[in-house]
Structure formats: structure tokens, C-alpha cells
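Chemist: Given the structure of chain A, go ahead and fit chain B with the ligand onto it with the hints provided.
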Amino acid sequence: MSFEYLDNYRNPAQVAELGRKINDLAGGLDRRIRLMEVCGGHTMAIHRFGLPSLLPANIELISGPGCPVCVTPPQYIDAAIEWGRESGGILTSFGDLYRVPGSEMSLEDAAALGLDVRIVYSPLDALRIAEQEAGEEVLFLGVGFETTAPTVAATLEIASQKPGALFRVMSAHKTMPRALRALVGVEEVSIDGFILPGHVSTIIGTGPYDFLADEFDVACCVTGFEPVDILNGILSLTEQCCKTSFFVDNQYGRAVRETGNEKAKKLMMRVFETCAGNWRGIGCIEGSGLEIRDSWADYRVPGPDPHDQTAGDPKCRCGEVLRGVLKPPECPLFAKGCHPEKPVGPCMVSSEGACAAYYKYQKLSD
Amino acid sequence: MCLAVPVQLVEVNEEMGVVDISGTRRDVDLRIVEDPQPGDYVLLHAGFAIQKIDPEEAEKTLRIWDEMADLGI
Ligand code: SF4
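Quick note, the sequences are listed as chains A and B, same order.
When the letters of the first sequence are read in order and numbered with my numbering, they come out as residues 39 to 404.
When the letters of the second sequence are read in order and numbered with my numbering, they come out as residues 6 to 78.
Next comes chain A alone, as it looks inside the complex (with noise of 0.2 Å):
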């Protein structure tokens, strides 16, 4: 295997074969079917190459929750900044998170009003500057799903072996198969098919997703993040939905195995245990956040009640755009009022959400 491989997942000869299959089998189904992309990685690939564009009139993609700055509510950011008043420590964020409005203010008009905001690439990179201010507090917020938890818990390891550094976490994990639960059961979205998240999946494998085939019936399949992971992944789920006959299909075996990472799910339960989430848009899922156990219980700093859902700004659709219900272009600011350089929700700031992908790629997908 030569690195060089990537570009064969986006040959444009397999690309337009995979394309015309799809359209071929999907002349043999008798209704329209809709397929939710979970991850975000995945909205901003399919924007990205345009793949909408190769698919028949009765396949249609929607958006789902899997972008995770997009679905921190506004409590989480206010907490933050919060810390940082009462405590004068830094604080330390992916960059994505940087700009999502809280009830008041992002971190960024936080940092403006003279908050010590840093943005870092990796937790361990939180640590770090722990490391090098010794005696000042620095929080790291905790924000992603299970692709990042394992590599907070395993900074958080690392930390209880430098008693110098003050290093603290905010969690806000998130864990996605309830999440998918909780969206599967609703009237409101009717999904027919799941093109479910590669990265999440390198970690916690296909099992946790067999009741949606099982119990739901409905077309799952795990899948990469290149044009032809990304198109296999659909003629997947079309043909399972024509012999209605569903499983978990991987289409990503070069990164998930059927169990996952073994070591990055025990590492994370060493560290995490699991607790209600709250997921702007969605609301509480019981089952769906992950929080610092009480034996790293100096490491952790408490974030809001998950119960909690005191509303964002109330002219935002994000929470519909995240369920499927509501396509980006549809909310009447989306171009108008809410631009990527202006965001109004976090669904136009994040790099992956629905909303920011469909502002950069319309042209093409259209």
C-alpha cells in the first residue's frame, strides 16, 4: 500500500461507475428513500465532491447530528466562560468551538473582553501549556464524540503523572448510538438509511449499531470519508433497502474492525462514565454524555445540568437542521443574516456543520 492510495478512492472513472449503479438500482425501487449522513465529515465530503449531483431524484440525503461543536448547547459555553471570570485560569478549546455562540457571547467576544482563551490542536497540547504555567488552572474543553474521548481520557493519564501541571476538564463528551436511538423513533425525520460515522466507529465498532437494522429496519452502513467510501456506503444502503434485508455493512474495513479499538474503549471507561447529554436541538438523552468518573474527581470541573434547556437564540433552526427535519437553505436566515464570517448558530460555524457545508459547496451540489 502506498500512500498514494487516497487518490484511487477518488478516481473519477469509479466515482461515475458507482454513481450509474446506484441510479440503476435505485430505478428498481418503488419509493423515495432517505438516507441521513450522521457525521459531519461526511456532510462536508459529499458537499465537497459534489456527489449529490450523481444521484437519482428519489435518493435523498439529509444531514443528522454528528457534528459535535454543533450540538454543544449554549449553556456549555456560558459555563465555560463562567469558570474563566470566577477563576482567572485559561481556558483551552478546539478551534471550531471558538466562535459558537453561547447565550451571551462565544469564547471569542470572551477573549475580546479579555478572557486567556487558547486554541490547541491536541488536549495534549492543553497539558502542555499546564505544564508551562505552572500554578495557574487550565481548563480543557472536553468536546467531541468517541473518536476524541479516548484521547482526553489518555491526556487525562498522562496529567495525574505531572502533579506540577493544573490541568482540569470540562467534559461534554458524547456517545452516538443513542443519540441515533433517540432520532430513529421519531415520526417527524422517517429515515430510511444511516450512513454511519467512520471515526466514531474506528473506535466503538459496528455492534452498537445492529438494533437500528434490528429492531428499526432500517439500512445501516459504516463507511470512509473519500468519494468512493462515500458512494459504496449509498449503493449499500440502496440495495439493502430494495431487498429490504437490513444489517450493519462496513464499507471502512481498512479502519474499523466489528469491535472496535479494545484499548481506546477501556482507556475511556477508565476515565469517563456515562451520564445524561444534552444536545442543542435534540435536547437530554439519557445515556448520550460521558463525565469524568468521581476517582479523577480533581481533574474534573463540572459542566451545567444536562436537564437544562434554556433555548439558543430562538431564530436559529439549527435544532431541525440537526434532526433532519430542515435542509440549511430552508431557514429563512440561511445567506440572509446568518453568513459563515456572521454565524447566528453553530451549525454555520463549525467547519462541519450542515449549515456552514451547504453555504460553501451549494453551487456545486446544486
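Where hints are given, some of them may not hold.
To be verified - Cβ pair distances, simulated, as ranges: (1) B:Val10 with A:Phe285: 24 to 34 Å; (2) A:Arg331 with B:Pro43: 31 to 41 Å; (3) A:Met307 with B:Arg30: 31 to 41 Å; (4) B:Asp40 with A:Glu195: 14 to 24 Å; (5) B:Glu16 with A:Gly88: 30 to 40 Å; (6) A:Asp68 with B:Met21: 52 to 62 Å.
Bear in mind the hints are in silico, worked out from the structure with no lab data behind them.
Glycine included, each C-beta is placed from N, C-alpha and C at the ideal position.
Modeler: Relative to chain A, chain B with the ligand alone:
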């Protein structure tokens, strides 16, 4: 945010490794993956390797297409 990129390990020193990203060397934490070896491809996310890429599986997806091309399909 769950973005993870495939990179090749050029060095492994217990739990730390070095990857080469378009000519730039970068440290990567390897404690989450099983038995990493120099030469392996791994998925890099937030400074950590989160899984090894299985070269056989990587080629499987592509082989189907090469065969089709050979057969003129
Ligand atoms: S376009 Fe803006 S206001 Fe409308 S749903 Fe998207 S982020 Fe919210």
C-alpha cells in the same frame, strides 16, 4: 471534528512515534493503538494515533475496481 488523517509511522519509541506529513515530522502519541510498528499507516486524530489502517482491507475496496477495469466493465 472527528477528522482523522492516514499517516505513516517513521519512528516508534514505546508510546511515542514520529510521522511524516508531507515532509514535516510530527510527534504522535501511540498509547491507544495495539503494537504499532515503523512503516504502519495509522489514523491521526488530535495528536493521537487512534487506529492502524489495515493494508489488505484498504486494497480490497480498490481491487474490485481494478478487476472491473481489467475486464472492461
Ligand atoms: S442558517 Fe444559521 S440561523 Fe439558520 S439554522 Fe443554520 S446556523 Fe441556524
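Chemist: What hints, given by number in increasing order, does this structure fail?
Modeler: none
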